[in-house]
Structures are given as structure tokens and as C-alpha cells.
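If you're matching them up, the sequences are chains A and B in order.
With our numbering applied, the first sequence covers 1 to 277.
With our numbering applied, the second sequence covers 1 to 115.
Derived by calculation from the structure, the hints in this document are not laboratory data.
This structure is a prediction, so every number in the text was calculated from the model and none was measured.
Cβ coordinates follow ideal geometry from the N, Cα and C atoms, glycine included.
Please note: incorrect hints may appear among the correct ones.
Stated by the list, open to error - Okay, the calculated beta carbon distance ranges per label pair: (1) Glu227/A to Asp85/B: 31 to 37 Å; (2) Arg203/A to Gly72/B: 47 to 53 Å; (3) Lys101/A to Gln34/B: 56 to 62 Å; (4) Pro74/B to Gly262/A: 41 to 47 Å.
So the chains spell out like this:
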Amino acid sequence: MMYVAVGEDAIAVEAGEASIRAAIEQHFRHLLTPGSRRVLEELIADACAPDTVTARGEAPGLEPCPEAVVHQLEGRILLTLIRARRERLWLHAGGVARAGKALVIAAPSAHGKSTLVTTLVEQGWHYLSDEYVPLEIATGQVIPFPRTPWKRLDPGRELPLDRVLELRRVRVPVAPSAVARVPTPIGALLFPAYRHGAGAELRAHSPSSAALKLLSLAIHGPGTRPELLRALCGLLERLPCYELTFGDARQAADLLSAACAGWPTRVDEERGPRDGS
Amino acid sequence: MSDLVEQRTTDLYPSQLAGVWEQPVYDEVVLYCQDQNLGISLNRSAAAVWGLCDGSRTAAEICRQLARDLCGSPDEELAELLTPDVAQTLAELQQLGVLVYEAAPAKHPGGALQP
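Here chain A stands alone, though its shape is the one from the complex (with noise of 0.2 Å):
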């Protein structure tokens, strides 16, 4: 039995086939716990779609197929998760960590934020997502899910949206001593945007916006949209924010390292982002 944990809380999985036992522990390196905690859920992971993964007691399914096991797995669990944590706000969003503060770099899929969050782990940054942000709205808390992570390869050349999405991705191994392992208070919000052989460009965003961009990137939040953009509202009160365009992850890593530096408050951010060059 392995023991998927996020924080106090975990999701048992059983996997009979080592192919897929593999696969899960690759992708949920970080996250698997040698013991169980508070354990929400029981999971079987055997077999390929159409149910891939049951929980315990349903019927299994047909051949072992384990990226297809580990994407159906990866969903039910944060299903779990959400269930049991309803009052905390999850984002598409990766996350890094630096100073006792974190840095949540929210985006949809294939606008570089894997790339930018494997980057930045390179540069010294922890680790604590490239995909799924849990917050704590109240407190700012952002607790780690660091599965391993994923990135596109670089085509080399501008593509639309949906070209982008059909580039192949490979895992990206992150060293545990780089992971973070602690809920981190937020320290400042970025929103990137890759473009092909453009420069690194960071530049203060319109907090009203940003609160709409995290209403649309939420995976789930605690109560009726409009109470959720009040709490947006208030945490983005304290809260730098900035857009990033980049073509570069390495310079744009330079140019966040270096504007995050002193971790800006918001009366820093009016003055404008630190001029990484």
C-alpha cells in the first residue's frame, strides 16, 4: 500500500503491477509517506480506461496502461483532497519557494509555468508545484503538492495554443532536499506569459484583474463566487502582483530572482518591479 499526503491528510493506493506501482511513485515522489495519516480514501490502481482507477470495492478494469493509471489517479485524489478540504482555495498554479516565502505563479496550461517553476527550483528556489496550488485563504498559506514535474519541450519556434498542447512533455527530477515541505505564506502572485524570442519583461498588474484571472483559474474555492472574489479581494490587498512575459526561462528566472529579492510589498509594487538587469 503506498500513502499519497498532502499535509496531514492522505489517499491510500493499492497497485499491483509494477509498471504502474513505478509510475506513481515516480510521479508522487515527493509525496508519498511511509505511514498512513488521516487517510480519506481507499484507491485501486490497475488497470486502463475506461476506469482505470476504483476506489476500493468497485469492479477493476481492462490492461495496465500507468501514465493513463497515474493522470486518473492524479485526478481522484485531488477530488479527495478538495472534498475534504473544502475551505481552502485551489489554483492552477505552480508554486516556488524562497526566504520563508512563496512565490504562486498562477496560469492555464502551456503558458510556461512548469518551465518557469523547474527554472526557478534550478536556481535554488524550492519546490512546491507546477500544477495545482492549495491555499489557505485566510492565512495566505500555501501548502505544498509537489508532484514531479512535468514541461514541454521547447519547439523552438512560435506555435498556437493548441500546437503547444500537443507538445510532448517530459518529467523534470527535482532533488528532495529541494522541495519545500511546510505550508509557506504567500509572498507575491505572477502571471506569465511565454512568447518565442521575446524578452523578459515583468511589470505590476491590476490587482481587480488579478482577482478575475484567480476566480478563473480556480480548480475550487470556499463558498459562492462572490464571496470567493472578496476573499481574492482581500488577500490581493497585501499582495505584489505581476505579469511576466518571457521567451527565456533563465532570464526571466534572473529577472524574478532578482525583483523578489526583498520580497516587495504592495507599496513597493506601486514604485514598480526591481530592474533585474
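Given the structure of chain A, go ahead and fit chain B onto it with the hints provided.
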């Protein structure tokens, strides 16, 4: 477009649509219209215009009030300068469906809801 709107609406009173949620954030405002599932972000200038759309002022009176707020005293010249931007903001808000024009000033000026 803004000239045409200005001619049509000169004697009318812009009013926030009932049921639109409003939440200030820093010096901006977020609007949310639940019926349309529509969110609108207003920068500082647009938020100032929106805040004066309580059905008690015409567009011209909104311009004069904004000029007063900026200068601390009446300033017709500034009000005149603000007119095109105010007209554009009002037109956009109306187009988005969160602003209506009333024929008469509101007896009890209302405001948007807060969540």
C-alpha cells in the same frame, strides 16, 4: 461612438444595475454580475466614474464631481477635459450590461451590492 453616446445620454442619469456585486481592492474595483457570470475589473479612473453612477447625476455632473474631487474645488475646464474619458467609460459599462440610463434622477440613490 462616444460622441453619439454623449448626445443620446446627456440628459439621462447613469445608474448601476441592481444586483451587481462590487468589491474594492486597493484603489480598483471588481464587479461581478451573477446573472451573466461576468466579472469586470475597473481601474482607479473607471472605479471613480462607477462610484458616481448612483442615478442622481448626469454624465456632465459626474465630470464636474470628478473634477472637484481631483482639485478640491470646482473646475469647469478640467470637467470638460474629463468628458471624453467619462463618456467612454459609461459607454463600456453600459455595453457590458452593468449600467443603465434613467430618465429622471433617482429619489434614493442606490449602489451596487457588496458580497
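Structure-based check of each hint:
1. Glu227/A to Asp85/B: 31 to 37 Å: holds, 33 Å
2. Arg203/A to Gly72/B: 47 to 53 Å: violated, 32 Å
3. Lys101/A to Gln34/B: 56 to 62 Å: Violated, since Lys101/A and Gln34/B (Cβ atoms, about 34 Å apart) do not stay within the stated range.
4. Pro74/B to Gly262/A: 41 to 47 Å: Once the Cβ atoms are compared, 44 Å apart, the range 41 to 47 Å for Gly262/A and Pro74/B holds.
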